[in-house]
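Chemist: Single-letter residue listing:
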Amino acid sequence: MARTEVLKTYKLYINGGFPRSESGRSIKALGADGGLMAHICHASRKDLRDAVGAARAAHCKWLARTAYNRGQILYRLGEMLEGRAEEFAQAIKQSTGDDLRTARKEVQASVDRFVAYAGWADKFPQVLGCQNPVAGPYYNFTVPEGTGVCAVVAPDEASLLGLVSLIAPVICAGCTVVALGSEAHPIPTSILGEVCQVSDVPAGVINLLMGKRGELIDWIAGHGEIDAVHAAGMSEKEAKGLRMGAAVNVKRVRIRDTSGDGWYDDEVCESPWWVEGFVEMKTIWHPSGA
Amino acid sequence: MVDARAASFTKRSIKTSMKDAGLRIVLSMVDLTTLEGKDSAEKVRSLCRKAITPDINDLTLPHVAAVCVYPELVTTAKEALAGSGVRVASVATGFPSGQFPIDVRLEDTRRAVEAGADEIDMVISRGSFLAGDRGKVYDEIASIKEACGDAHLKVILETGELETYDLVRAASDLAIHAGADFIKTSTGKVSPAATMSVTLVMLEAIRDHYLSTGVRIGMKPAGGISKAKLSLHYLVMVKETLGDEWLDPGLFRFGASSLTNDLLMQLAKLREGRYPAKHDFSDA
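These protein sequences, in sequence, are chains A and B. Its first residue numbered -19, the first sequence is counted upward by one per residue in my numbering. Its first residue numbered 108, the second sequence is counted upward by one per residue in my numbering.
Careful: at least some of the hints might be erroneous.
Now the in silico label distances, taken between C-beta atoms and shown as ranges [what the hints assert, rightly or not]:
#	chain 1	residue 1	chain 2	residue 2	range
1	A	K8	B	M125	31 to 37 Å
2	B	R156	A	A37	24 to 30 Å
3	B	P299	A	M(-19)	49 to 55 Å
4	A	L(-13)	B	D127	38 to 44 Å
5	B	K122	A	S251	53 to 59 Å
6	A	E66	B	S333	42 to 48 Å
7	A	P182	B	I121	51 to 57 Å
The hints are simulated quantities; they were obtained by calculation from the structure and are not laboratory data. We put the CB at the ideal spot given by N, CA and C, even for glycine.
Can you make the complete structure from the sequences, with help from the hints?
Modeler: Encoded structure:
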């Protein structure tokens, strides 16, 4: 007897769990051949709000972890991603129509990106921080600390590598993340949630939404609880709207113009300067002997 | 039955202008509460400023109904709220346990009233009630009502300790007959605190009393209502159980501390079209 294929419904990843959208809506994820790949939960702005709440609640504890431990967890993300590499590669291939070799290359680069930022976690403070010469009996130094809750708006293309490249430096900085994945190719975003859940990432530190950028971007821009935005693949109009909304509560906004092969440029995408956008500099005056 | 009926009130969709109107009504019904061992005069003064002007960015908002504090801080609250229309409520009678001799509880009440409390939130002796000594509980409420003088008396049943809806109903009837102006679910110190089901049972006791005597008793759910959306569900329940007359701070209150900020955040979102941050609003 012919077996009915069981198609998976891909869910959102919020606060360490996999809710369906609060709205009950779903989107059909179509493959490059036009066939139905799966149904995807379609995040509403209430889901966004829930995710931001979870990210806010998780931030203090994430920041309180040692940089070394954040590095370990980022490395674990890379490990777990590697373990499911083939699932990601097949999803990318089917969704984009890329050949399998290209899709695998994207997954490998994503693993490497997590590993690169795992390395940076306890080293970027030495690059971005400094000891300041002051005229007085003080030992004066500056250290970077994660800004807070950061929204990531991922590009449509490089649906995994783009998303990972935007998330990793932010997590590395000590921020928590609410990410809106690729609208065109949403499945890797959801699988990444499954990777996060088994990677020692504390609940709420990474939250992943799939949905329509046009519906959510203004709410991201204006949300008072979001402290920073890391985005790529934006149209001029979207970028302008984001900056206008972000100005209300003085969000830190970094919009990357990386695209295509640019995501494979390690010099650019694995730099402490990608972390720098998501830290606050804390300067300490410590009395020292006269 | 009660649970199903209570759940049915959560199915209404209240949006935009109706939501705005509803949230304003809820805000005007809040008993802004601080009942912690670490409460200080300055915290209470700060809370009183918030009670009078909940959000400095929107002066069209109503003030809350009352500020609810421990007896020791009534004088401070009274001074800070002078002339504002916000009432001072004080817990008394050996709050939150009620496990004190009756003369101490009466003295506690008298002093709070003398210090200027407009409303007294008393606790019943749940131990006596559960042991079946209902006459004693009745007499206590009656004597404390007398000690209140002109101050309104709210009787806290502490429904989280009463085990069943039948007992909640019995305690509600008892409190109403003994002279309560308001009946109130909880101290906020026991979990579970207010639930919609338990509030519905108490609202029905109030309704039956009104139908048989024509006297209107007030209701105050307290504890555990921290979201604006939930407070709107309560409004729907009150309206559909008791009618519009009870949609008034004189007959319905929310005992809450964190609810106010969620109301203010929702109102700000309606006003500005974006989600505000928690840290835009002061705790006290």
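Chemist: Does each hint fit the structure? Answer for all of them.
Modeler: Evaluated hints:
1. A:K8 - B:M125: 31 to 37 Å: holds, 34 Å
2. B:R156 - A:A37: 24 to 30 Å: holds, 28 Å
3. B:P299 - A:M(-19): 49 to 55 Å: holds, 51 Å
4. A:L(-13) - B:D127: 38 to 44 Å: holds, 43 Å
5. B:K122 - A:S251: 53 to 59 Å: Given a distance of about 46 Å, which is not inside 53 to 59 Å, the answer is violated.
6. A:E66 - B:S333: 42 to 48 Å: holds, 46 Å
7. A:P182 - B:I121: 51 to 57 Å: Given a distance of about 35 Å, which is not inside 51 to 57 Å, the answer is violated.
In summary, the structure is inconsistent with hints 5, 7 from the numbered list given earlier, while agreeing with the others.
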